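*Asks:* Sequence:
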Amino acid sequence: MKFYASDPPSSGLRRPRPALVDDPSIMGFLEALPDGAALVEIDGTIKFVNTRMQLLLNLAKGDLVGSDLAKHARTAGPILAKIATALHQLKRAELTGTLNSQRSVFASISILRTSDGAAYAALFTLRELTRQAKETAPDRFRFEADMLQDGAVRYVQTERLRALARRASTALERGSPVMLLGESGTGKTEFARTVGQGGSSAALPFVHVNCGLLSEQQFDIEMFGIEPGSALDPSTRGKPGYVEVADGGILFLDQVSDLSLAAQIKLVAFLESRTFSRVGSTQRRQTHINLVSATNQDIFSLIDARIFRKDLYYRLSSVVIEFDRLSGQDDLIKLLADLKMNAINQKIAGSLALSEGFHQKLLSYSYPGNIRELFNILDHAAALAGEVVQPEHFFVPYSPAAASPETSAPPAEAPPRSFKELVHEFETWLVEKSIAQNGSKRSAARALGIDVATLLRRTNRKI
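Under the working numbering, the letters of the sequence shown match residues 938 to 1400, in that order.
The following label-pair restraints were derived from C-beta to C-beta distances:
1) E1293 / A1206: 53 to 63 angstroms
2) T1365 / Y1251: 28 to 38 angstroms
3) E1293 / I1202: 51 to 61 angstroms
Source of the hints: derived by calculation from the structure; they are not laboratory data.
All values derive from a computational prediction rather than experimental measurement.
Where is the CB? At the ideal position from N, CA and C, for every residue including glycine.
Could you put together the complete structure from these sequences and hints?
*Replies:* Following this line, the structure appears as structure tokens:
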């Protein structure tokens, strides 16, 4: 980041600010700019914003105008917090960073002053960077989020994962959708981000959609957007949907198996035509996106149970990439541990090291929580250790075996349960054990001598 000199002292008598600042005709000037642009009051209130800025931030005009610039840091990206800080200090600032949409941008804020030096407003601009521009940006413009993000995705460096990344990148460049399969915590999301930041997809939008959070009622609005002034938009501001924001980049449908059947039908229709209409509009819009989806469920069992549509699976899975559990991947565990410890040392300005004994503990553990659990173990060890992390610092906070029988509090007497509840509890335990032993719901059902649909009914039913 680059900050410029502080505001010079101004005299007690100040001329009124130019009337143009309050004139709506200034929008013509802002719209003529090739970059995203906003006129901001000294207190951080956004007064005017052009269309390009709305698209870059993935926020509607009504959400921006009249609001505090700093409040959008969480939804749009931390780079806005830096800009808001510079404005508060009445300093000009220039920096590069990454928005939450994964667009790489150059941001600047310039303080506007009267002839006697009094600050009266600021011009905030955002310019989307090409990959070449990002690589050649001066070091003083490097933004912390970029460096953290670079470190976060470097784990895709084992030969197998490099090959998978090349395979996924090639598929996306040829317009083929990619589906990622694997347990929770195996790195599917970071893998998708890595693929999105390489090759021809670099510096293009990466829109991460958690399908598990999309209700059937909100699916159309969130996925396809809502037209300004429509009956379902009392604010009259409108909102672009995920497919519109991802235009030209990657739409990542995480936990796609959690979509309702009604939502799956709508997604199939969109994938067939690659056109959509915003809610409240009859106008058909076209979008060009690369599609990546992911699930931690046994997708074939869901298809057999008619919980997931087969035609949607075919449209999402031109290329399928399966992620192995972390347990047993010694090279990956060592690499991840080194990267995580480097990040911890940078954060605390320290030089923590892992002992050989602790390394052996890491390699022998089963990691039911995969990469997330590995990072949790390292965070916990770093908080307890001195200069060297020893075997006694290895602790699994959420493991049933972590509690010592001698120190555990005596269990409270459980209320009496019905025979039906006991049977359900036993069935659930039996199914879960079979899944753990056989690796998938399909294999577990085969081992138990039942079909997948019966297995799912018995584990999902309520008592």
